[in-house]
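Engineer: Sequences and hints are given; from them, build the entire structure.
Residue numbers (numbering that gives the first Met the number 0), protein chains in the order written: chain A, 0 to 283; chain B, 0 to 283.
Calculated directly from the structure, the hints in this document are not laboratory data. It is possible that part of the hints are untrue.
All copies of an identical chain are treated as equivalent in the list; a pair is satisfied when it fits inside any one copy or across any two copies.
[As the list claims (entries may be wrong)] Derived SDA-like pairs: lysine to any residue, alpha-carbon spacing no greater than 20 Å straight-line:
id : residue 1 : residue 2
1  : 46        : 15
2  : 72        : 50
3  : 72        : 214
4  : 181       : 221
5  : 212       : 167
6  : 74        : 155
7  : 125       : 146
8  : 98        : 253
9  : 125       : 164
10 : 191       : 47
11 : 46        : 19
12 : 22        : 10
13 : 22        : 11
14 : 98        : 239
15 : 125       : 154
16 : 178       : 143
17 : 125       : 155
18 : 125       : 88
19 : 22        : 51
20 : 125       : 91
Computed from a predicted structure; not experimentally measured.
Spelled out, the chains give:
Number of protein chains: 2
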Amino acid sequence: MLILVGSGLRESQLTREAEEAIKGADIVIVETYTMPSSKWLPTAVRKLNSNVREASRSELEELSSNIVELAFKLKVVLVVPGDPLIATTHSSLVVEGLKRGVEVKVVSGISGPCSVESLLGLHFYKFGRTVTVPGPWRGVGAEEAALGLLGNLCHDLHTLLLLDVSPEGLSLSPSRAVKELKESLRRLIGTKLDELMNMMVLLVSVGENTIVKHFTLGNADSIPDVDVGSLVVPSRLHVSEREFLRYAYSVPEDIMMSHNKLLQGFDACSAYSEALRVMYSSSA
Amino acid sequence: MLILVGSGLRESQLTREAEEAIKGADIVIVETYTMPSSKWLPTAVRKLNSNVREASRSELEELSSNIVELAFKLKVVLVVPGDPLIATTHSSLVVEGLKRGVEVKVVSGISGPCSVESLLGLHFYKFGRTVTVPGPWRGVGAEEAALGLLGNLCHDLHTLLLLDVSPEGLSLSPSRAVKELKESLRRLIGTKLDELMNMMVLLVSVGENTIVKHFTLGNADSIPDVDVGSLVVPSRLHVSEREFLRYAYSVPEDIMMSHNKLLQGFDACSAYSEALRVMYSSSA
Chain A
0 MLILVGSGLR ESQLTREAEE AIKGADIVIV ETYTMPSSKW LPTAVRKLNS NVREASRSEL
60 EELSSNIVEL AFKLKVVLVV PGDPLIATTH SSLVVEGLKR GVEVKVVSGI SGPCSVESLL
120 GLHFYKFGRT VTVPGPWRGV GAEEAALGLL GNLCHDLHTL LLLDVSPEGL SLSPSRAVKE
180 LKESLRRLIG TKLDELMNMM VLLVSVGENT IVKHFTLGNA DSIPDVDVGS LVVPSRLHVS
240 EREFLRYAYS VPEDIMMSHN KLLQGFDACS AYSEALRVMY SSSA
Chain B
0 MLILVGSGLR ESQLTREAEE AIKGADIVIV ETYTMPSSKW LPTAVRKLNS NVREASRSEL
60 EELSSNIVEL AFKLKVVLVV PGDPLIATTH SSLVVEGLKR GVEVKVVSGI SGPCSVESLL
120 GLHFYKFGRT VTVPGPWRGV GAEEAALGLL GNLCHDLHTL LLLDVSPEGL SLSPSRAVKE
180 LKESLRRLIG TKLDELMNMM VLLVSVGENT IVKHFTLGNA DSIPDVDVGS LVVPSRLHVS
240 EREFLRYAYS VPEDIMMSHN KLLQGFDACS AYSEALRVMY SSSA
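Structural biologist: Structure (structure tokens):
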């Protein structure tokens, strides 16, 4: 039997289900590479089971058929930070197991991306597509992320930007992510980007303590390099969203009002279609 | 102190954090109206604390200033199914508390909408905006949901459709939801709707056992009325998504291939702009 267990974002977020699964396992494999802030995880798991092995990305990918093989005879538990199927690649392991006739179970955990969307107090139904800002190790620009952002803004939707994680388990820094994003936006919408320079960006870290910092796109040099984070570019903020950000995270009202005013005046849909045109013509 | 605690979707999804908060409370208020499948919650909470009170939607809304008042002197815990801030209205209670100087904490829980997106094995970054199909008690059609769906399809994004909950705590049935959706689509895109009749819809329930059923838009009469659920209309399915649905939930490959073929041939963007035109001209 193979059980994929999500651990949540800190030891105290382990569910009863997760604890039981870990305790009852013959072998526990822990991966922490999908979330660099999950260094606490192996220690927490060892408190529940002594037969623990840590696996890196390459090991886990190479081991995947071994894991499935093992799961024919033993209760194998793979512990993953966050939720095992949200924004990770572990669904392939589920499929591989099921294909070969192994019993597979998924134990959900509190997910990083969902926590970001939740803890900011923004309306869940106002989030558009989630994008990932790729790290320099991918060898591609952030054009896809920039397009996603413009498309969401055109539809008045918030954007969650995940920061890419390197094969060595390092997270793209938020300042580098914004730099990449700005360069891509510049290539796609040229001088229209200048209009967006005062747009508010929220930096969110949801590990042991929730950290929310605000800055503008133009002011990206002052971004603190918090260990792990996501960025959120909100669309026009509803009064209840502004109140939440103001009272929970001290985001100044005047900054949110300028953000709203800027987006009110910015023709995001025409910027989006211009960006699409540039993407298509350059790839043609 | 006021602590909002998310309980997850079943007793075994309680986190250590949630259990500690409930145990340490002077008074625990439990609400179950945001999720009709959470009837298990009050009993589970009473095992951890004897001073428990259940509150209905109207009570909680009327009580909100009392709760804040109480939280000046006592440790008040509000337990909520799922996550306390995703697709609920509890963020207003956080704001009210903070405004009046009460210490407020949020304890995240495993959220229903996030579990649906996770357990289906669909790519998280391919979900577009989430929409709610309103119940007949709202006195409005499902045009907003229909527009959201068409907009997402135009961008090749999956759509999560939440089923509305009545003031009495009843969930809109999936068959009624699809009926409302079809009527609204008919008003917005007329005969173009016929092209969509073979589009696959997934019915998802993520309570004690995960249930996933598949049917087509045209075949809505055969929808089983599972107690609580969400609907998901996937955009074109990636091969890894098809494999997951096939091996984990026995969705037949030929149905998924027809779905993909249908969406490949359907001009969702022109349907979307036609729908927008109809909405605007009828409201003008």
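Engineer: If a hint holds in the structure, say so; if it does not, say that too.
Structural biologist: Hints versus structure:
no.: 1; hint: 46 to 15; in the structure: both (14 Å within a copy, 14 Å between copies)
no.: 2; hint: 72 to 50; in the structure: within (16 Å within a copy, 47 Å between copies)
no.: 3; hint: 72 to 214; in the structure: neither (53 Å within a copy, 36 Å between copies)
no.: 4; hint: 181 to 221; in the structure: within (15 Å within a copy, 50 Å between copies)
no.: 5; hint: 212 to 167; in the structure: neither (27 Å within a copy, 40 Å between copies)
no.: 6; hint: 74 to 155; in the structure: neither (47 Å within a copy, 39 Å between copies)
no.: 7; hint: 125 to 146; in the structure: both (17 Å within a copy, 14 Å between copies)
no.: 8; hint: 98 to 253; in the structure: between (56 Å within a copy, 18 Å between copies)
no.: 9; hint: 125 to 164; in the structure: between (26 Å within a copy, 19 Å between copies)
no.: 10; hint: 191 to 47; in the structure: neither (55 Å within a copy, 57 Å between copies)
no.: 11; hint: 46 to 19; in the structure: both (12 Å within a copy, 19 Å between copies)
no.: 12; hint: 22 to 10; in the structure: both (15 Å within a copy, 18 Å between copies)
no.: 13; hint: 22 to 11; in the structure: both (16 Å within a copy, 14 Å between copies)
no.: 14; hint: 98 to 239; in the structure: between (47 Å within a copy, 12 Å between copies)
no.: 15; hint: 125 to 154; in the structure: both (9 Å within a copy, 16 Å between copies)
no.: 16; hint: 178 to 143; in the structure: within (15 Å within a copy, 36 Å between copies)
no.: 17; hint: 125 to 155; in the structure: both (8 Å within a copy, 18 Å between copies)
no.: 18; hint: 125 to 88; in the structure: between (26 Å within a copy, 14 Å between copies)
no.: 19; hint: 22 to 51; in the structure: within (11 Å within a copy, 31 Å between copies)
no.: 20; hint: 125 to 91; in the structure: between (30 Å within a copy, 17 Å between copies)
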